[in-house]
Amino acid sequence: MSLLRQITEKPWLPGSSRPEDLPEGSVYALPAPTIAVRLILAVATVIFTLFVVAYGDRMALPDWRPLSEPGLLWGNTLLLILSSAAWHWATVSARQDRLDGVKTGLLAAGGLAFAFLVGQYLAWQQLSAAGYYAESNPANAFFYLLTAVHGAHLLGGLAAWGRAVVKLWRGGEVAKVRLSVELCAVYWHFLLVVWFVLFALLLFT
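Everything in the sequence shown is counted per this note's numbering, starting at 160 for the first residue and increasing by one.
It should be emphasised that the hints constitute simulated quantities derived from the structure, not laboratory data. Take the hints with a grain of salt, since some may be wrong.
What the hints assert, rightly or not - Derived pair list, reagent style SDA-like, types lysine to any residue, alpha-carbon separation capped at 25 Å: (1) 335 x 195; (2) 262 x 328; (3) 262 x 345; (4) 335 x 349; (5) 335 x 325; (6) 262 x 210; (7) 326 x 295; (8) 335 x 276; (9) 262 x 325; (10) 262 x 317; (11) 326 x 259; (12) 335 x 191; (13) 335 x 348; (14) 326 x 254.
The whole structure should be built from the sequences, with the hints applied where relevant.
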């Protein structure tokens, strides 16, 4: 296989070569969306890692006063877990070419994700009403910062979710949205793991 063919190969399109069909020693080109998602996850991992390191360093200073995390965060965590599970359901349904299962999974995943974001906003409101302002304490500022950055990443994922939903409800075939569903599921699972780390950091420190 020539270098040009390796670069321009689109294995995710019907009729394109599959990995097992390629000659031995050939390079299998990943779909461009897959590469993009992997890059996004790599950058996001670096960003959140730097925040966690900064959080640990700042916590060691004497002006650090831990805040009392709202109990609402436990419910929000459950919502995000259920949203990730719904994405898994949609992915399995897409691989089995079950349109109803994909639609149900997408609606549930998106609705639960929106509910999580609303819950995070309500948690902010609870803290603000209790006098935990960002400018009054570094611990407060970090709480708002970490949850805001995580929420922003989730909003980015919802944009991709919206495109998949629109395409599917306009009569698109499951095969045409399968890759989008699988990549969104990976992204959601990643954000769930990130939230576990952040929540544990906020809860136990």
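Verification of the hints:
At roughly 18 Å between alpha-carbon atoms, residue 335 and residue 195 fall within 25 Å of each other, so this suggested pair holds. Taking the CA atoms of residue 262 and residue 328, the gap is near 8 Å; set against the 25 Å cutoff, the hint holds. Under the criterion of a C-alpha separation no larger than 25 Å, the hint pairing residue 262 with residue 345 is consistent with the structure, at around 18 Å. Straight-line distance between C-alpha atoms of residue 335 and residue 349 comes to about 23 Å, which keeps the hinted pair within the 25 Å bound.
Of the pairs offered as hints, the one joining residue 335 and residue 325 holds, with about 12 Å between alpha carbons and a cut-off of 25 Å not exceeded. A threshold of 25 Å between alpha carbons decides the hint, and for residue 262 with residue 210 the separation of about 36 Å lies outside it, so the pair is violated. This hinted pair does not check out: residue 326 and residue 295 have alpha carbons roughly 46 Å apart, beyond 25 Å. For a cut-off of 25 Å, the pair hint linking residue 335 to residue 276 is broken: about 29 Å separates their Cα positions.
The straight-line distance between the Cα atoms of residue 262 and residue 325 is roughly 11 Å, inside the 25 Å bound, and the hint therefore holds. Under the criterion of a C-alpha separation no larger than 25 Å, the hint pairing residue 262 with residue 317 is consistent with the structure, at around 15 Å. For the hint linking residue 326 to residue 259, the alpha-carbon distance of about 14 Å falls within 25 Å, and the restraint holds. A threshold of 25 Å between alpha carbons decides the hint, and for residue 335 with residue 191 the separation of about 15 Å falls inside it, so the pair holds.
Of the supplied pair hints, the one linking residue 335 and residue 348 holds, its CA atoms being roughly 22 Å apart against a limit of 25 Å. Pair hint residue 326 plus residue 254 holds up; C-alpha atoms about 17 Å apart against a cutoff of 25 Å.
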